[in-house]
Structure formats: C-alpha cells, structure tokens
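Trainee: Chains as they are written, first to last, in numbering that gives the first Met the number 0: chain A, 0 to 451; chain B, 0 to 451.
Source of the hints: derived by calculation from the structure; they are not laboratory data.
A hint or two may mislead.
Repeated chains share a single entry, so a pair holds when one copy, or any two copies, can fit it.
[As the list claims (entries may be wrong)] The list that follows gives simulated cross-link-like pairs (lysine-lysine, DSS-like), each with its CA atoms no further than 27 Å apart:
(1) K273 <-> K375
(2) K117 <-> K233
(3) K282 <-> K269
Number of protein chains: 2
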Amino acid sequence: MEERNYEGLFLLIKAGNFIGLRTELAEMNEVDIAEFLEELEPDVLVRVFRVLPKDISADVFSYLETETQEWIVRSITDTEVFRLVDDLYLDDVVDFLEEVPANVVSRVLRNTDPHTRKLINTYLNYPEDSAGSIMTNEMIVLKDSYTVAHAIEHIRQNGEDMATIYTAYVTDPSRRLRGTIDLAELLFNNPDDLIKDIMDDDAQLIYVHTLDDQEEVAEVVKKYDLLSVPVVDKENRLVGIVTIDDVVDIIQEEATEDMEKMAAIMPSDKPYLKTGIFETYKKRMPWLLILMVSATFTGAIITSYESALAAYVVLTAYIPMLMDTGGNAGSQASESIIRGLSLGDVAFSDIIRVIWKEIRVAALCGMTLAAANFAKLMLLDRIPVSIAAIVCMTLVLVVCIAKFIGCTLPMLADKLKLDPAVMASPLITTIVDAISLFTYFRLATSLLHIAT
Amino acid sequence: MEERNYEGLFLLIKAGNFIGLRTELAEMNEVDIAEFLEELEPDVLVRVFRVLPKDISADVFSYLETETQEWIVRSITDTEVFRLVDDLYLDDVVDFLEEVPANVVSRVLRNTDPHTRKLINTYLNYPEDSAGSIMTNEMIVLKDSYTVAHAIEHIRQNGEDMATIYTAYVTDPSRRLRGTIDLAELLFNNPDDLIKDIMDDDAQLIYVHTLDDQEEVAEVVKKYDLLSVPVVDKENRLVGIVTIDDVVDIIQEEATEDMEKMAAIMPSDKPYLKTGIFETYKKRMPWLLILMVSATFTGAIITSYESALAAYVVLTAYIPMLMDTGGNAGSQASESIIRGLSLGDVAFSDIIRVIWKEIRVAALCGMTLAAANFAKLMLLDRIPVSIAAIVCMTLVLVVCIAKFIGCTLPMLADKLKLDPAVMASPLITTIVDAISLFTYFRLATSLLHIAT
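Model the full structure from these sequences, guided by the hints.
Mentor: Okay, structure coming up:
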C-alpha cells in the first residue's frame with residue numbers, strides 16, 4: 000500500500016479552515032488521523048483533536064504516543080477528560096495511566112465514574128506484564144440458556160462498546176467461565192439452538208489466569224489461533240479478555256526484549272529515538288561494566304603465561320582470531336537455543352540431544368575452519384609447522400567448547416527459572432575467551448616445552 | 000492455562016478402542032489433536048488420523064508439522080487426498096506444497112479439481128514470502144448494491160468454508176476492490192441500509208499488492224489492527240486475503256530471522272531440533288569463515304607492533320578486555336538501530352540524530368568504564384601510571400568508535416537496500432577489534448616512545 004499523504008490537511012490548518020478539516024478527518028482511518036496528529040505542533044494538535052467527531056476521538060487517542068496523550072489530557076477540561084475516559088476501552092486507559100506521572104493519574108481518576116475508577120485501580124494493581132494488567136472488561140457475556148437468536152440480538156444491542164464481538168463468553172450465575180462461542184458459530188447454527196449445546200466447553204475451553212505472564216497469554220492465543228482469550232481469577236470467574244491486536248504488540252515487544260538482552264542491553268519499552276541519553280546510558284552501562292570486569296580474568300590468564308609469550312611473540316598474533324571465532328561459534332549456538340526455548344521448540348529435557356547435536360556441528364565447523372586456517376598459516380604467514388599445528392588444534396577445541404557452553408548455559412538458566420536470553424553472546428563470549436586463551440597457552444607451553 | 004494431558008487417549012489406543020478414541024477426539028480442540036498426533040508412532044498416527052471425524056480432519060492436518068503432513072499424504076489413498084485438499088484452506092495447501100518433494104506435489108495436484116489446481120499453480124509462482132504466496136482465496140465477497148440484510152444472509156449461506164467472515168470485501172463487476180466492511184458494522188446497522196453507504200472506501204481502504212513482501216503485509220495488519228487484509232493484483236482486482244493468524248506467524252518468523260542474522264547464522268525456517276547436522280553446519284559455516292578471515296587482519300596489526308609488545312609484554316594482558324568491551328559496546332548500538340529500523344522507529348533520515356545520541360552515550364559509558372578500570376589498574380594490578388593511562392584512554396576511544404560504527408553501519412546497509420541485521424554484532428565486533436588494537440598500539444608507541 001502507498002504511504003498516506005497529509006499535504007491537503009496541512010493546507011486546511013494553515014488556512015484556519017477547521018470545519019473543512021473536520022469533514023476530511025471524518026473520512027479517514029483513526030490510525031492515519033493519529034499519525035497525522037503526531038506531526039503537528041503541540042498547540043495545533045490539541046485544537047485539531049478537539050474538532051474530531053466525538054465517535055472517533057477516543058479511538059484516535061488510543062493510537063497516539065504516550066507523550067502526546069499526556070499533553071492532550073493536560074490541555075483539555077475535566078468534562079472532556081471524563082468523556083474521553085468513558086469512551087476509551089479500559090485496557091487503553093490502564094496502559095496510559097501506567098506510563099504517566101502521578102498527578103495526571105489522579106486527575107484522570109478524579110474525572111471517572113466510581114465503578115470504572117474501582118476497576119482501573121484493580122487493574123493497576125496487577126503485576127506488570129501480567130494478563131490482569133493488560134486485559135479489558137469490554138466483552139460480550141452470555142448465559143448458556145440463551146438461544147442463538149437471543150444471543151445475536153444481545154450482541155446487536157450491547158456490542159458497540161465492546162473490544163470484540165467475534166467471540167462471546169458464557170458464564171454461570173456466579174460468573175464462572177463455562178464456555179466460549181464464536182459469532183460465526185452463532186450465524187451458522189439454527190436460531191432456536193441453545194448456547195449450551197453448541198458452545199466450546201470442558202476440554203475445548205481455553206483461558207488464562209490474571210497472574211499469568213503476558214508471554215504466556217500470547218503463546219495461548221498464537222497456538223490456538225484465537226481472536227481473544229478470556230482471563231479468569233483464582234475462583235475461575237471471568238474478569239476480562241485480551242484481544243489479538245494487543246497480543247501482536249506483546250509478541251513484538253518480547254522479541255525486542257530478547258534481542259536487547261542478547262546484545263547486553265537491559266530491556267526498555269520506549270522507541271529508540273524517544274529514549275533520553277541518560278536512560279540509554281543506564282540501560283547499557285551495567286552489562287558493559289560486568290563484562291569488562293570478567294574480561295580482566297582473560298587478561299590474568301595472559302599475564303600468567305607472560306614468559307611463554309615473551310619466548311614466542313608470534314603466538315600473540317593469533318589471539319584475536321581465536322577469541323573472535325570462539326565468541327562467534329558460541330553466539331550461534333546460544334542464539335539457536337534461546338530462540339528455540341522462547342518459541343517452545345526446545346525444552347530442558349532435550350539437553351542431551353542438544354549437546355550431542357552441537358558437538359557434532361562443532362566438530363564439523365572446527366575442522367573446516369582449522370583446515371582453512373592451516374593452509375593460510377603455511378602459505379601466507381609461513382610460520383613454523385609446530386606453531387600452525389597448535390593454532391589449528393586450539394581452533395577445533397575452542398569451537399567445540401564454545402558451542403558446548405553456548406548451548407548448555409541458556410538451558411541451565413531456563414531450568415533455574417532465570418531468563419535464558421541473558422546467557423547470550425556477550426556473557427558467553429567472555430567465558431569462551433578465557434577458556435580459549437587457557438587452552439591455547441596450555442597447548443603451546445606443553446608442545447613447545449616452555450616453562451611457565 | 001494448564002498443559003493438556005493425553006494419558007487417557009494413549010490408553011484407548013493401547014486397548015485398540017478406536018471408536019472410543021474417535022468420540023474423545025471429537026470433543027477436543029483441533030490444535031490439541033494435532034499436538035497429540037505428533038507424539039504417536041508413524042503407523043499409529045495414520046490410523047488415528049483416519050478415524051478423525053471428517054469435519055475436523057482438514058483443520059487438524061493444517062496444524063501438523065510438514066514432515067507429519069507429508070507422511071500422511073504418502074500413506075492415504077488418492078480419494079482421501081482429493082477430499083483432504085478440498086477441505087483445506089488454499090493457503091495451507093500452498094504452504095504444504097512449498098515444502099515437500101516434487102513427487103508429493105504432483106500427486107496432490109493430480110488429485111485436485113482443475114480450477115483449484117490452476118489457482119494453486121498461480122500461488123506457487125508468486126515469489127517466496129510475497130503476499131501472493133501466503134494469501135488464501137476463501138473470503139466473503141459482496142456487491143455494493145446489497146442491503147445489510149442481504150449481506151448477512153449471504154455470509155450465513157457461504158461463510159462456513161471461508162478463512163474469515165469477520166471482514167467482507169466489496170468489489171465491482173470487474174472484480175476491482177471497492178471497499179471493506181466488518182461483520183460488526185453489518186450487525187449494528189439497519190437491515191435496509193446499502194453496503195455502499197456504510198463500507199470503508201477511498202481514504203479508508205486498506206490493502207496490499209500480490210508482490211508486496213510478507214513483512215509489509217504484517218506491518219499493515221499490525222498498524223491498522225486488522226483481522227485480515229485484502230490482496231490486489233496490478234489491476235487492483237481482489238485476488239485473496241491474508242488473515243491475522245498468519246500475520247502472527249510472520250512476525251515471529253521475521254524476528255527469528257533477525258536474531259539469527261545478528262548471531263551470524265544464515266536464516267532457516269525449521270525448528271532447531273528438526274534441522275539436521277549438515278544443514279545447521281551449512282547455515283553457520285559461512286559467517287564463521289568470513290569472520291575468521293577478517294580477524295586475521297587484527298592479527299596482522301599485532302604482528303606489525305611486535306616490537307612494542309616485546310618491550311612491554313604487560314600491554315598484551317589488556318587486549319582481551321579492550322576487544323571485548325569494544326565488541327559489546329558496538330553490539331549494543333547495532334542492536335538498538337537494527338531493531339529500530341525493523342520496527343519503523345528509526346529511518347535513514349535520522350542518521351545525524353542517531354550518531355549525535357550514540358556519541359554522547361558512548362562518552363558517558365566510556366568515561367565510567369575508564370574510571371572503574373583506572374582504579375582497578377592502580378589498586379589491584381599496580382602497573383605504571385603511564386600504562387594505565389594508555390589503557391584507559393584507549394577504552395574511551397574504543398567505546399566511542401564502537402558505538403559510532405555500531406549505529407552507522409546498519410543505517411548505511413538499510414540505505415543501500417541491504418539487510419541491516421547482517422551488520423550486527425559479529426561483523427561489527429571484528430571491525431571494532433581491529434580498530435581497538437590499532438588505537439591501543441598507536442597510543443602506546445607514541446606515548447611510550449617505542450620505535451616500531
């Protein structure tokens with residue numbers, strides 16, 4: 000699809016023609032309106048937001064960046080805040096409140112009806128990234144004694160303010176979740192059929208708990224190809240739903256987090272350019288420092304073999320190549336395992352199969368690299384065969400050790416309920432570096448008969 | 000949600016009670032049945048697949064791994080193949096045929112009605128990972144002259160075999176896409192209203208082209224929170240749709256691919272444990288070799304400063320720390336930019352802002368690390384102040400250079416229409432290593448007045 004062009008809208012603003020602007024905006028998709036608003040100066044933005052037709056302004060608001068949302072809430076009247084919160088889906092209100100300063104939160108809560116305020120407070124109290132903190136309560140709830148015709152009429156009457164009408168939830172008198180039914184099923188069945196006879200229940204019933212992590216929510220929705228998943232509390236009472244659009248965001252967020260951890264960055268949930276210098280600094284510094292300190296062990300190994308190095312300075316020339324290759328081989332194995340664990344392709348019970356596979360791959364890779372390297376050392380560097388042999392033997396060992404560590408550490412972390420992504424390349428590189436150098440010098444000193 | 004337990008089903012198989020098994024399976028979710036089938040021995044699997052109620056067997060088939068699907072197709076009769084293909088959604092048939100050997104493809108095509116065969120061949124000819132290759136043609140198509148009541152009746156009559164009924168597509172007599180309408184809108188509007196008056200058209204119409212990449216398809220669906228997106232050909236004729244469940248898979252696949260590239264692995268689309276040793280070897284070997292060769296340049300730098308090293312062997316001890324820290328600092332910057340580019344948070348036009356931000360973050364990180372390191376060198380290592388100063392100055396420079404290279408290379412790659420993810424940590428580490436060592440030795444030789 001082509002990029003949208005907002006030229007005409009800018010001209011209307013310049014001409015001060017806000018009535019014409021309103022007509023144009025009413026014809027547009029809410030996502031595009033939000034994109035357009037983000038390009039405006041703060042003052043103009045609030046003016047344009049105010050001329051939006053009432054039935055779409057809440058939708059547009061939900062697609063804006065948090066900073067823009069905050070600016071709007073600070074600029075509009077209490078009455079406008081009340082209406083906005085009333086029109087927004089509850090999960091969007093909670094998302095917003097989780098990000099803004101306390102004085103904005105209390106202003107919003109002050110301008111909310113007591114029932115909604117109570118619900119918002121409950122949601123805000125669920126742990127971060129739990130199903131409870133991301134769910135919404137705008138869902139279709141049916142009784143199992145309804146007929147299909149009654150259910151469809153119920154959806155027609157109550158559906159407009161719901162986050163989705165495509166799956167309805169069936170509860171008993173004490174609000175316990177008993178079944179789910181898709182709107183498609185309702186349309187394809189006889190109007191006189193009873194919901195209890197056609198709904199998905201028992202073995203087919205799929206749901207999550209309020210305290211389940213959002214990653215688990217995403218996994219269930221993805222596995223069963225759902226459009227929304229019900230959330231129940233400890234007593235199995237239906238308290239909300241999470242819809243597919245939020246699940247798509249979660250999947251993307253979790254992948255970003257894993258990539259950040261793999262690159263030794265502490266996860267952040269803000270886009271790159273919206274994150275301040277000091278915030279970025281704080282997210283990157285801890286791992287840089289930890290890894291620098293651990294790299295000094297590698298230095299200590301070199302120091303302890305100083306005499307070997309002084310006798311054969313040529314050995315130093317191959318340190319970077321051995322360290323880099325070991326690091327790369329380890330990263331490859333750890334990436335494969337970390338991603339496999341997070342997608343559910345690999346589990347701790349597979350550890351023997353995984354290690355056996357990695358060892359064989361490592362042997363193949365190591366020997367190929369050693370062969371290529373030996374040719375290069377003999378033909379280009381023209382170093383003594385003994386040194387070349389030591390370098391190449393080290394290479395094979397280093398690749399094997401690196402792949403072994405690269406695959407076992409993330410699995411052990413997972414077993415210990417730590418995050419496997421933290422065991423990713425930078426940490427593994429540091430460990431592999433130390434082991435590579437130690438192997439290299441041990442081999443060199445014993446084969447070249449150097450006293451250490 | 001709790002894990003499903005298939006104990007009872009295994010017992011029924013052991014007892015040879017396939018009628019009882021069929022009754023149990025009929026009550027289960029298709030995804031769970033597929034999961035259960037994957038745990039069976041090949042022979043038993045086909046027997047169980049055959050007892051599945053006809054209305055769910057195609058659905059179950061679509062959730063199986065390709066290898067299992069292939070095994071089933073090879074084991075069943077031509078008539079059964081015909082019925083299976085007829086019951087499957089077209090995109091699932093195409094997905095399957097893209098993965099299996101030619102003799103399986105031709106057997107399936109032989110047992111397909113001519114119209115479907117023609118369509119399948121068209122889809123197979125679209126470029127890999129294009130919208131055309133992943134779409135399906137099972138969608139609700141309406142005329143804009145229909146009333147709401149007529150449209151709902153049409154969906155009731157024709158909806159059962161469709162990939163989704165929640166969005167319907169409106170075309171003109173020459174099949175050009177004119178608008179879309181959600182089932183929710185149909186339910187909330189007056190039965191006598193005309194589709195043309197209530198559908199999303201013109202500025203609101205969202206679609207993709209057959210040749211668009213699947214990543215673009217996913218982006219559009221995600222941006223506009225769609226449940227399905229229409230695919231049009233060059234003449235703007237509606238040829239298919241892509242549904243949200245496929246988009247979720249694409250998003251996950253693309254994230255995995257990026258992670259693999261960042262870890263110097265060539266992308267593969269098979270789960271880790273399903274990939275053979277040689278396949279894994281082939282995916283990992285190329286980058287290991289390329290990076291090993293480039294690391295030899297780093298070795299060459301060391302060789303050219305051999306005399307400096309011979310005079311001050313202590314310098315060697317800090318090589319690993321400098322190289323590792325440079326590599327880590329570079330990875331952090333490159334990960335942030337690569338992910339930002341892929342999520343659309345960062346564009347090439349931001350390059351100046353990005354560099355300016357990275358330089359400031361690098362200065363902060365570099366100075367913090369240098370301070371920590373200087374204290375350690377003086378208090379623990381007790382090396383001469385001059386050497387400590389050289390190490391710490393190099394550290395600051397290395398972090399700055401690493402962050403600069405880490406942020407600019409992916410952006411340049413993106414500008415040159417290369418994949419930024421390939422410019423990730425391993426490549427950047429190699430480049431940064433060479434530059435770090437060069438800086439280190441330049442500083443050391445000039446400040447310590449060593450002749451090289």
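Trainee: With identical chains, the pair K117 and K233 could be close in the same copy or across copies; at 27 Å between alpha carbons, which is it: within, between, both, or neither?
Mentor: The answer is within: 19 Å in one copy meets 27 Å, while 53 Å across copies does not.
Trainee: Should K273 paired with K375 be assigned to within, between, both, or neither, using CA atoms and 27 Å as the limit?
Mentor: Result: close neither inside a copy nor across copies, 48 Å intra and 35 Å inter.
Trainee: Indicate which option fits the pair K282, K269 if close means a Cα-Cα distance not exceeding 27 Å: within, between, both or neither.
Mentor: For K282 and K269, the Cα distance is within 27 Å only inside one copy (12 Å; across copies 33 Å).
Checked against the numbered hints listed earlier, the structure breaks hint 1 alone; every other hint is satisfied.
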